[in-house]
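Using the sequences and the accompanying hints, generate a full structural model.
Residue numbers (the numbering used here): 1 to 388.
Rather than coming from a laboratory, the hints here were simulated on the basis of the structure. Treat each hint with caution, since some may be false.
Stated by the list, open to error - Simulated crosslink set (DSS-like; lysine-lysine; CA at most 25 Å straight-line):
hint: 1; residue 1: K18; residue 2: K53
hint: 2; residue 1: K132; residue 2: K70
hint: 3; residue 1: K128; residue 2: K33
hint: 4; residue 1: K230; residue 2: K18
Keep in mind that this is a model prediction, so the values were computed, not measured.
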Amino acid sequence: MENFSFHSPTYFAFGRGKEEKTGEYVKQFGGTKVLIHYGGGSVLRSGLMDRVKKSLEKEGISYIELGGVKPNPRSGLVYQGIQLCKEEGVDFILAIGGGSSIDSAKAIAAGAVYDGDFWDFYEGKVVKKALKIGTVLTIAAAGSEGSPDSVITREEGMLKRGASGGALRPVFSVMNPELTMTLPAYQTSCGITDIMAHIMERYFTNTKDVEFTDRLCEATLLTLIKEAPKVLIDPKDYEARANIMWAGMVAHNNLLGVGREQDWASHGIEHELSALYDCAHGAGLAVIFPAWMKYVYRHDVSRFAQFAVRVWGCEMDFANPEATALEGIARFESFLTSINMPVNFRQLGAKEEDIPKMAENMKLGNGTCGNFVKLTTKDVEKIYQLAL
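What follows is the structure, encoded as structure tokens:
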């Protein structure tokens, strides 16, 4: 296990009705004027927005609103939010929604206290200062409610990039599983896939002797495998929704990744898909992750065999561990199909002729991406080819 530092200060308010105390949490963390940042009409139609506003008014906290966040959130709305915060003297950003709203809120929070272009942070500059951020989560997926990360798409060139920094961790996150019950089944499945991907980016590592975090990763994956079919059959299964929601946070606050090298190639490769085709991030990951696995598994067959046995219940073939590894990948792909995720370009609507453009757009800063296996642009193209 490698040396590490881990600090995860977010206050989590989990359970039924917790959104009705949002104003109390904003006040607790020093907010006096809030920008409410959200996406489309579901937040309004469900009455969630009214409940949150009522809680702010009860605490005497003023607010302004900025809606319109799209999946794969765009830089244009971020610039608008930054200007609004500066003009209105906002000191707290409240994101209502899923990862897109939260990521957009984080970008605004960083840009509102920065003299330069917020996009600097998405080109590698670490975020060290930002307005405080709170969240009211409505989809279990991105884990942004507990992470120091944000991903934004810049309209110019449709480049999808990430930023990170401790200042971007929300100071509080409201997590009521009931708020996820009205999600379409496809969005629920996309979220579950995204959560699994966050775990696997950490699980496939070159670091030795990380048994404890291996087991944490495996337990979280097993929870998702068990609970996913339940919520697709009964969207109002509170306990299953609760387990998935908490798993989503744990998957990406880095508890599962401490002391071990992490990969993150699949996320980078997928970002080009969702930037170009505007597909759901989870759907893109469902296409890319199995292809990545098929391309790199020989680098450490024993780790993929362990994944197959511990997560997917495969029998270990000691005479041919490669067969076990491949069976695990096949079972993962079958699981994705069972929750109605696409597993190839055709099902996603992606085109083979766009592969060179997507691989080139990654602009690999040091010539490679990922850590489990360091991939060149040519390697990325081959992974896209395996996903056809």
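Review point. Does K53 lie within 25 Å of K18 when you go C-alpha to C-alpha?
Key: 13 Å, holds
Check your understanding: If you draw a straight line from the CA of K128 to the CA of K33, is it 25 Å or shorter?
Key -> 22 Å, holds
Review point. When you check the alpha-carbon spacing of K132 and K70, does it fall within 25 Å?
Key: Holds, because 22 Å separates the two Cα atoms, which is no more than 25 Å.
Exercise for review: Given the hint that K230 pairs with K18, test it: the Cα-Cα distance must not exceed 25 Å.
Suggested key: Status holds; Cα separation ~24 Å.
Figure legend: structure checked against the earlier numbered hints; every hint is met.
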